[in-house]
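In order, the protein sequence lines correspond to chains V and R. Counting in my numbering, the first sequence runs without a single skipped number right up to 256 at its last residue. Counting in my numbering, the second sequence runs without a single skipped number right up to 303 at its last residue.
If you are wondering where the hints come from, they were derived from the structure by calculation, not from laboratory data. Since we're looking at a predicted model, the values are computed, not measured. Backbone N, C-alpha and C fix where the C-beta goes; we use that ideal spot for every residue, glycine too. Please note: incorrect hints may appear among the correct ones.
Residues on chain R that point at chain V, a partial pick, calculated with CB under 10 Å [what the hints assert, rightly or not]:
1. Ala28
2. Ala199
3. Pro271
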Amino acid sequence: MSNPLALIGRIATYLLLTVAAFVSVFPFLWMVIGATNLSADIIRGKVTPGGALLQNISVFFSSVDMPRILFNSFLIAGLGTALTLLVSSLAGYGFEMFRSKVREKIFAGLLLMLSIPFAALMIPLFIMMANFKMINTYQAILLPTVASIFIIFYFRQATKAFPHELRDAARIDGLKEWQIFLYVYMPVMRSTYAAATIIVFMANWNNYLWPLIVLQTNEMKTLTLVVAGLTSAYTPDFGVIMVGAIFATLPTLIIFFLLQRRFVEGMLGAVK
Amino acid sequence: MAQSGLARNEQVSGWLFVMPALVLLGVFMIYPILWSLWMSFQVGRGMAFSFGGFANIVRLTQDPVFIRALTNTLTFLAIQVPIMLVLALLFANALNDSKLWGKGLFRTAIFLPCVTSLVAYSVVFRSMFAADGVINQFLLFTHIISDPIPWMADPFWSKVVIISAITWRWTGYNMIFYLAAMQNIDRSIYEAAKIDGVPAWARFWYITVPMLKPVILFTTVISTIGTLQLFDEPNLIPSTPGAPSDSTLTLSLYIYNLSFKFMPSFGYAATVSYVIVVMVGILTLIQFLAARERRT
Chain V
-15 MSNPLALIGR IATYLLLTVA AFVSVFPFLW MVIGATNLSA DIIRGKVTPG
35 GALLQNISVF FSSVDMPRIL FNSFLIAGLG TALTLLVSSL AGYGFEMFRS
85 KVREKIFAGL LLMLSIPFAA LMIPLFIMMA NFKMINTYQA ILLPTVASIF
135 IIFYFRQATK AFPHELRDAA RIDGLKEWQI FLYVYMPVMR STYAAATIIV
185 FMANWNNYLW PLIVLQTNEM KTLTLVVAGL TSAYTPDFGV IMVGAIFATL
235 PTLIIFFLLQ RRFVEGMLGA VK
Chain R
8 MAQSGLARNE QVSGWLFVMP ALVLLGVFMI YPILWSLWMS FQVGRGMAFS
58 FGGFANIVRL TQDPVFIRAL TNTLTFLAIQ VPIMLVLALL FANALNDSKL
108 WGKGLFRTAI FLPCVTSLVA YSVVFRSMFA ADGVINQFLL FTHIISDPIP
158 WMADPFWSKV VIISAITWRW TGYNMIFYLA AMQNIDRSIY EAAKIDGVPA
208 WARFWYITVP MLKPVILFTT VISTIGTLQL FDEPNLIPST PGAPSDSTLT
258 LSLYIYNLSF KFMPSFGYAA TVSYVIVVMV GILTLIQFLA ARERRT
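Same shape as in the complex, but just chain R (with noise of 0.2 Å):
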């Protein structure tokens, strides 16, 4: 049977209403990714490419700042996300409390960071923990330590800076997840777990985590996909970009360098964020596939 005016007109209008974007997306998405891939077997400086094989593969193995950038960021990773999202699941916890006082103040007051820009929010940092900064000052008035640290002076104490600036702008962020998905979870679980004389910590640990597995894990995968990106900070609160002596520098600060700061060298460049994704598509697999497993 011939397909009828009305089905065809349907056809024609689906298209029509996503051809715009698609054509945007094939564009500035598609090609680009497809031809960074292409480029990441090119060899050379500026716009003069020859083919390379995997030249810049081999390249990253040997190359001492791709290794320091790479273990940076994973360093980054490992250690604030975890930290962050303990904190978000611990506020959001204690905030998920129908008694308790001052619920929209707190939580006004702990999801303010995330309004701001990651460049004001990291030259507000920088001045912060400058050498005489107020951090020290505070530090040193409460007994905490006896000497100034060397905050974005020295490559150990950079990064704990680093690792504290993004876990201050996006605590509250994850937070907020968290405290959705807590007011979904049934009130009289909890209740009944109180009248079994569960503990405070226990109902937590055992109701509230479990409960909150799917959003802990899209909180995971989101958050890390942003560290291994991180730009914005590692470039703005050190003096110089990754400074002092690489310690900060990440990979998309390295590829940023690489393309735009020294004479180019994009072949290199686009293997190096090559290695960006491949981290993010691992990952975004092993939410796919968890997710998978929760719905069957």
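Next comes chain V alone, as it looks inside the complex (with noise of 0.2 Å):
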């Protein structure tokens, strides 16, 4: 068994998985040594942790709303979430329990449009949130996403897997199929609601780019686009950069930690 040659394969895929693992790894200790150092001597490379990290702090608390920053991203991502797995999964599960010909040819049609890029859809979405008078308000941010083509697929997917005779029976003792959705279904699915929990929240928390276009005003931005917004100072200033990079980070690392295991699920379920 022990020949040199599998020896030295053996040692070539640790070296490999030691690199990888480090460079991946590396950009989150930068981060955070940043926190702790000057600007100056984060675009000058050094490594070691400074005694900048309250100076850091104070002046991003200072140059920043927090609590009202705070505020608008959880607010949007979560009512975003909230609405999306709710609408998403209505339909998801109305299209898997109730079938129907014109049912299955639009749900064929949802997949083509599954992979419409959103630089198509932003000019339109755009022009017809200012003529509602949406512009940089929490519902322009929110309608166009709570209806996900891949959170319903997802649904309809995770739902073939729910036992008819739950509903039959429920029906018999004259549960109403709202009342067999809320009381029998979403309990008995609340582990694809977990999984699906997490993707909808990562997206809705990270998106820049319609927030980008949308929120206007310094008080309705969210954490992503302040974060961004630092960066385009005539000096960044990437103490401070580095300090809100932490917050922006923390609440997905913070989950991903606590649902590791449900976190990849979701992330490959919606595949399958």
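The task is to assemble the complex, starting from two chains supplied on their own in separate frames and drawing on the hints.
Shown next as structure tokens:
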């Protein structure tokens, strides 16, 4: 078993993975170290922690209305996720549990539209929002994202595993269709909801282009927009930017470490 | 025979469940995409439109900035997607070894980048690739280079930075798909090959890769579609979007500039956006055809 060739292969594998893991993790370390350094030191490549953390944090909090920005971010990501899950799971359930020829055709049509690039929608959506007088509102951010073909598809696939006997039993007990959805389907499918929550929350929290177009005043901006905005200064303060980047990364990082298995399942499940 | 009450009830319920989503998709997706098509035949500035026929398409062919954005986007695509997918495949293959020590740790580390927001990692990369930044310091220190590389000031190197950044962000994501697919391959095939004396590289090339063909195709298509829409990185990593001198300008960035930076030229921007639609459409078609071929 222990021929020299296999040993070399083994060492090469560990080397490859160690380099890959280091490269993957380094920017995170860099971000944290950067938050403790002055901007001039960061762009000079200083890799040791400095003493400017408190200064960076205080500059960040004095230039950004953090409570308001966090409120915007969590409202948009939270409410957006709740609405997306509701609307899209209703549709996924509807398509799977109530079959009809017309709806099957519509569903096939939706799948074709799955890859419509957002770049082709943003101009009409912007003009539409302007006509609705909804520029710079939460609605403008939320409305176009709530019905997600991707999540509808995800729920339809997951619903295939939902036992029809449960529905039949509930019908015999006299439950209405919406009650079956609310009291039987949703609790049974909670792990599907959990995985979808992660995907949608992340997408909403990190969304950049559409909020950039629609949210125009400082008090409406999300954390993502604020961090991006900090870089557009003539001489960006990278210490402060790193503090912002940490805040922007933290929620998804926490979700990832708490729900790692579900996180990965969520990403894969949407494909199966 | 008349429809029974229950069957009709089924029909009504079916529509009620899917209706909210269909209405929203109709208003915020189907209507805009058709409007965008119509708009691509309109010329004019701001909100003053007039019908221009194929004027916008003619303009595309004569617009050096569009040509530049298209070439850049296709360059990113042609170089970045293969590099990333090969790396993802290698990492997945290395991790798909039951005797590997520290498997979970490696997997988590390599997957970690796709937890970050595009904006956050873009600004972090921008600081790392500064003229005297940490990347140059490292390369100088290890004597890989003797002079600092002018990363974001040079048309070639700025593209290298964007490609490295996207590869960093998405390799782990693709790796997860490959790992999952590899775990579905029957172990006994490998055991049989091993007994027959097939070396590891040949097992990878002649067993793993062919078995993964569907998922490789899938990741190629999603990565391609993603790269065609590249916006966040070229907008945030350079000191000004698309810099230096448009060498990182992408189609999405150009559409944004045409619509929201200068006096809006919505009709022409819509035409550029349809270039992406057509490219994505062709790719989706290829995937559909390949998927059908697989089934028969």
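Results of checking the hints against the structure:
A cut of 10 Å between beta carbons decides the hint on Ala28 of chain R: the least distance to chain V is about 4 Å, and the hint holds. Interface restraint check for Ala199 of chain R: the shortest CB-CB distance to chain V comes to about 18 Å, outside 10 Å, so the restraint is violated. Checking Pro271 of chain R against chain V: minimum C-beta separation of about 8 Å stays under 10 Å; hint holds.
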